[in-house]
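*Asks:* Here are the chains, one letter per residue:
Protein chains: 2
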Amino acid sequence: MKQYIHQDAWNIIEEGFEPHLHKISESIFSIGNGRMGQRACFEEAYSGESLQGSYVAGVYYPDKTRVGWWKNGYPEYFAKVLNAANWIGIHVKINGEVLDLATCKVENFRRVLNMREGYLERSFEATLQHGQRVRIHAQRFCSIVDDEAGAICYRITPLGQAARLEITPYLNGDIRNQDANYDEKFWEPIAHDVQGSEAYITMETRKTAFQVTTGMAYTVLQDGKVLAPQTTTSEATYVAATFQVQAPAGQEIVVYKMAANLSSENHPKDQLMAHCKAVIARVAQKGFDGLKQEQASAWAKKWEENDIIIEGDVSAQQAIRFNIFQLNQTYTGEDARLNIGPKGFTGEKYGGSTYWDTEAYCIPFYLATAAPSVARNLLVYRYRHLQKAIENAAKLGFKDGAALYPMVTMNGEECHNEWEITFEEIHRNGAIAFAIYNYVRYTGDAAYLEEYGLEVLIGIARFWAQRVSWSSDKKQYVMLGVTGPNEYENNVNNNWYTNTMATWCLEYALQSLQTVQKANATRYQELLHATHFKPEETTQWQHVIDNMYYPASKELGIFLQQDGYLDKEQILVKDLPASARPLNQKWSWDRILRSCYIKQADVLQGLYFLEERYDIDTIRRNYDFYEPRTVHESSLSPCVHAIVAAKLGDEQRAYEFYLRTARLDLDDYNNDTEDGLHITSMAGTWMSVVEGFAGMRVRNGQLHFAPFLPAKWKAFAFKIRFRGAILQVHIDQRQVQITNISVRTITVYVHGTALAIAAGTTEGFSQELIKA
Amino acid sequence: MKQYIHQDAWNIIEEGFEPHLHKISESIFSIGNGRMGQRACFEEAYSGESLQGSYVAGVYYPDKTRVGWWKNGYPEYFAKVLNAANWIGIHVKINGEVLDLATCKVENFRRVLNMREGYLERSFEATLQHGQRVRIHAQRFCSIVDDEAGAICYRITPLGQAARLEITPYLNGDIRNQDANYDEKFWEPIAHDVQGSEAYITMETRKTAFQVTTGMAYTVLQDGKVLAPQTTTSEATYVAATFQVQAPAGQEIVVYKMAANLSSENHPKDQLMAHCKAVIARVAQKGFDGLKQEQASAWAKKWEENDIIIEGDVSAQQAIRFNIFQLNQTYTGEDARLNIGPKGFTGEKYGGSTYWDTEAYCIPFYLATAAPSVARNLLVYRYRHLQKAIENAAKLGFKDGAALYPMVTMNGEECHNEWEITFEEIHRNGAIAFAIYNYVRYTGDAAYLEEYGLEVLIGIARFWAQRVSWSSDKKQYVMLGVTGPNEYENNVNNNWYTNTMATWCLEYALQSLQTVQKANATRYQELLHATHFKPEETTQWQHVIDNMYYPASKELGIFLQQDGYLDKEQILVKDLPASARPLNQKWSWDRILRSCYIKQADVLQGLYFLEERYDIDTIRRNYDFYEPRTVHESSLSPCVHAIVAAKLGDEQRAYEFYLRTARLDLDDYNNDTEDGLHITSMAGTWMSVVEGFAGMRVRNGQLHFAPFLPAKWKAFAFKIRFRGAILQVHIDQRQVQITNISVRTITVYVHGTALAIAAGTTEGFSQELIKA
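Note that the protein sequences, when read in sequence, are chains L and E. Just so we're aligned, residue 1 is where the first sequence starts under the numbering used here, counting upward by one. Just so we're aligned, residue 1001 is where the second sequence starts under the numbering used here, counting upward by one.
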């Protein structure tokens, strides 16, 4: 845990340059726009520890699976997120010496991520080894308006005496991944071009043959005059222009570098270069200031929609905004082919772009803070992969249209290669079905079922109906050999969560069949035909629903995470020596597996998803039993616990769980922020506030709140989109105030009491009422 | 399954050249001497499918473990058996055209592995593309007398007309492994030298820095005269000498190539070259014929000791000799640092050299057919790795001298990298303890316990005592998260075999403590001191012994392979569609895991090891239950079933199981012989005959037999070493005859009847007596 980030409501601020923190900061200060992203590396050369990381959405490399003994059905590859060409680079020499913060004296270093306006700023004064001093001020951003473009303004001022500057804006395609084995490279050069004040390179990925054209337009200004480069370089993987400038002391030399990254996912390969030139021409036309202004307006609009305000706790305020900011940088919802990678564009750890995190943790955030089309696109993403999910299930021996979505994917194919995850962590299918339910429940967009949802639900239901087996011993259906959400168990039998979600999926699929049949008989027939659906399938589904086995302990009044859970040594987490934590760094895998310790909410995840099915005492008994056994070594665990704790009235614990996620990356809680940010768990932080502290739920198409104010806060407020309305919810110690920023009256419930709020008005609900 | 090998009692014979069978034959016709081995590739160039494989004992490469998500405690590497320099190569050009069986017409091709004398022979007539005909006759072997040397005699005779021959004996160090990723190389050149009629190269392995010097001396004879080479080549990884010969039709040109492979495991690196030259000088002095004669005598001696004769079934006769021959080629027992790799020197699949196969399947063979020092060396191998086993256990969180031997190893370190195997297939510890018991039981060498055995037993007992955990639910000790011998289950709870062997180990360790204390109190004290043994440890061991949980079904009267086994769908193997077999090629891993199908004997393995503990009805019930669920997809499964079936009097099934192993490789039963031979399971074939058909057991220091004659056979006979005596056992339909080839009277039991056999005499036991 580190606490070097200065607290500020709208900015992430680092002051003073500490090389050992640089890789962490590179992650934290990352910029992105849903199409591309860039770690907060330096524009100028840096010979210290750094992960120069630039990522382009959808571009990956299929790394060959290599195991001791091959198992049939293994995916051939593990999809690596690829580090792409460096577009931010500006080499600077001062009187012939390379400007490199690892070799010069650095003063007044300040790095700021301006979240309100969406840009990164950095300034410092450096004393080079030969004694020359210089001031640098750099700003850059990835445009969320022109989402293939980035822009940099880099200012150099000699201090004390005149200096000879050599300034080389460049693009470099010769990039390796941090996790490359044997230092192999993943990119091959295709084309390069330097013309006038522009330069381009096109690189192609090995095996996958994605092409990315990176372009730049550079302008160097001295005293308002545009300088011409002395030399240009045009090599297969490197293009550059070098400017020689004699600058008097105090004179600021300004470098503008407009860049663009275009991928063959979005442009025909033979037109990539031409399209890239068009983007460069457009953004060069807008200019750095124009782009930056656009950027600020676009971010203001985003904040207008999804800000959370926390009064009385600047640390919490900064944290929640940071989480929302990074989520918005990762996914915009504009392209249904994209999804939310666990590290977003901030690092290359973990492969693939899509995990069940999206459905379980991110959908609620996008549902409530963005247009319904955004969450819808995330659902359509899975719809588009349905055929691949059916093929994936077929590889594992399932048939007749059963669908198993991949655990990790780039394009619908499974791209993770550990059997206990890939083959057995099948509960992801449940979350994908639940997301459809959640979307329809939240938006009321029942037509989605007709258009896309039901087809997916049928595939998933078929999978579960085939995946269970009949135990002659138990005279019930069982589900053998699974890995539940708690990945600290592998290949267990009858994981309660998985069994529960399986029958829930069957029920929801049956229900949805009826819904669609009633709503649109023609489409219903069409769907039955398209899916070769046979009526007798529903009989089998119902038989499974009626005869499923769910492990439980009558004695303890709890659901059992899986068969045999009570055979484990039941030593609580609080009684573990500190030296054993985190388990995943201290204990070998087998020891973790046979222990009772839970990585992330498992039974509780089910109680959270399906809370309306269970009475409060059942939820409490399970919470009381499992929470003390949970080590929360997944960043996705505390949010569920925060929400359940809040529901149970355990405000203190709810707040503690919130704290564990909110500043996870800012404070480098798990000592791994340097690898990249925990993007998907950031949505969980948002959930902790809105579903936890504010107790927001949708029931029967109506919004409900059951808020409490964390003791340390003066007030908190957030905006919620709900069925065309935008509500501003403000909660302080005295009351809950809800402002209806929309054109129709909306009725919401606070602690069960209906409040009809007319358009443009605010209604209050006294917090006193609850305590009474 | 293929049946192209001609049946012959002493030879493996292939007639006619079928390129699609060549890689299979390369494995089958492999030669080796325990120190090095060579697949039956061609000396001359061959552009068809081939695995040119040459292997040097103890030389490996640590291939980086690469998984999607790293788990703490993973071994850093997977040890690859390394393909080493090609020492057999002789390029032949005929009138300028390369002799290559893939491009010329081949007639009268014949490949013979002469098992009686231990050499490989090949002859053929080739018609080259330009029409020239030529006859080739080649013999080669790895000397079991001079075990760093190999010898080749290669004869070329132009047919029909004179031919210009270009003959180039060479050594080539530029070798890649078949399973290399990204085509990386594992060898770097160190030195090379060509002088007179000798040439040498020294190569070094990457990372592990093993050096191997390969040398050759070549002689080309025309009409009895030694020719001089026209040119020599001396490059970093390639040394060669080229002879130009004008040969009249019918004149045989003879090439002798004496070779040596010396490893830095056996010689100081700076003397490798000098030592290699000395070996070459020595074997060149002996000459090909001298070496071949030595080889024949040495093999005759081996056969004298461990032949099995089967009368009336030449196919079975050939098969059993082939198995014995390959076992002798793989391990000689002369070097306690070596062990028995699963593929021996016949291929590079699987990594590492030592598996539990050695203790469970190979020890009985070497115990009965070789001097006790051979089996003893295999035990001492583990003794020498005890410290590493303690370190290995410590990595997994065990302490105070608990030892967990690796699942796969080259040098005592774990070198396999799948968690379900490495961390969980801990039953190997049981087999290693059982081998000590088995060795002492067979040889009567109780001093072994004092010298080495007890220390290993203490380490293993400590492991089991820590590995169990107390289930408050069951009020018994349980063993969670293991993989049993049946690797078609992973991470199961309470594998009956593992639980049973664990407490057996504790009991045997307690017993051995007492034995040593009584036999040698001083050594006992010394050992207690050396192992920091505390008396209270035995109390804890006894508590585990007394309170262990063993899963069982009272209803079925069987032990349960593991908790929850009866929850599985119980469809018998015979009811599986043929299209599903073999499961490991047709089903995905998760499907196999949740099925009831058993890869290899698991409960039955325990009943085999500890048969004296169980009554015959218990063994029968378990056999009747588990055998129909066993797919025998491990080559190590049928032998145990053959022995148990024989014990139960099921002669028919016993013979069927025997057939499944005996010709496994000769008939390419599993379609994988091309990867190499199943060396360790060959010992199981021997066991099927001696422990199965002949019912050999040691009880209370006495040899027992309970033989039957498989219906297809006229008779079978084998030799057994037992406590200084050599017995020739001959079994036919009428009687069992035992000849005592030793200097003292020995009493053995046949079907429970004692037979005292004086030195040099034969006693018979009428088979009629049994049937009566």
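Just so you know, these hints were derived from the structure itself, not from any lab. Some hints here could point you the wrong way.
Below 27 Å or equal to it, Euclidean Cα-Cα: the simulated DSS-like pairs (lysine-lysine) are [as the list claims (entries may be wrong)]: (1) Lys1474/E <-> Lys574/L; (2) Lys1574/E <-> Lys185/L; (3) Lys474/L <-> Lys1574/E; (4) Lys1474/E <-> Lys554/L; (5) Lys586/L <-> Lys1064/E; (6) Lys1269/E <-> Lys1388/E; (7) Lys574/L <-> Lys1399/E; (8) Lys1586/E <-> Lys395/L; (9) Lys586/L <-> Lys1071/E; (10) Lys475/L <-> Lys1399/E.
Sample of chain L residues with no beta-carbon within 12 Å of chain E, all distances over it, derived [as the list claims (entries may be wrong)]: (11) Gly131; (12) Arg337; (13) Glu569.
Cβ coordinates follow ideal geometry from the N, Cα and C atoms, glycine included.
*Asks:* Each hint: holds or not?
*Replies:* Hints, one by one, checked against the model:
no.	hint	result
1	Lys1474/E <-> Lys574/L	24 Å, holds
2	Lys1574/E <-> Lys185/L	50 Å, violated
3	Lys474/L <-> Lys1574/E	24 Å, holds
4	Lys1474/E <-> Lys554/L	15 Å, holds
5	Lys586/L <-> Lys1064/E	21 Å, holds
6	Lys1269/E <-> Lys1388/E	25 Å, holds
7	Lys574/L <-> Lys1399/E	23 Å, holds
8	Lys1586/E <-> Lys395/L	10 Å, holds
9	Lys586/L <-> Lys1071/E	10 Å, holds
10	Lys475/L <-> Lys1399/E	44 Å, violated
11	Gly131	46 Å, holds
12	Arg337	23 Å, holds
13	Glu569	5 Å, violated
Taken one by one, the earlier hints fail for this structure at numbers 2, 10, 13, listed in ascending order.
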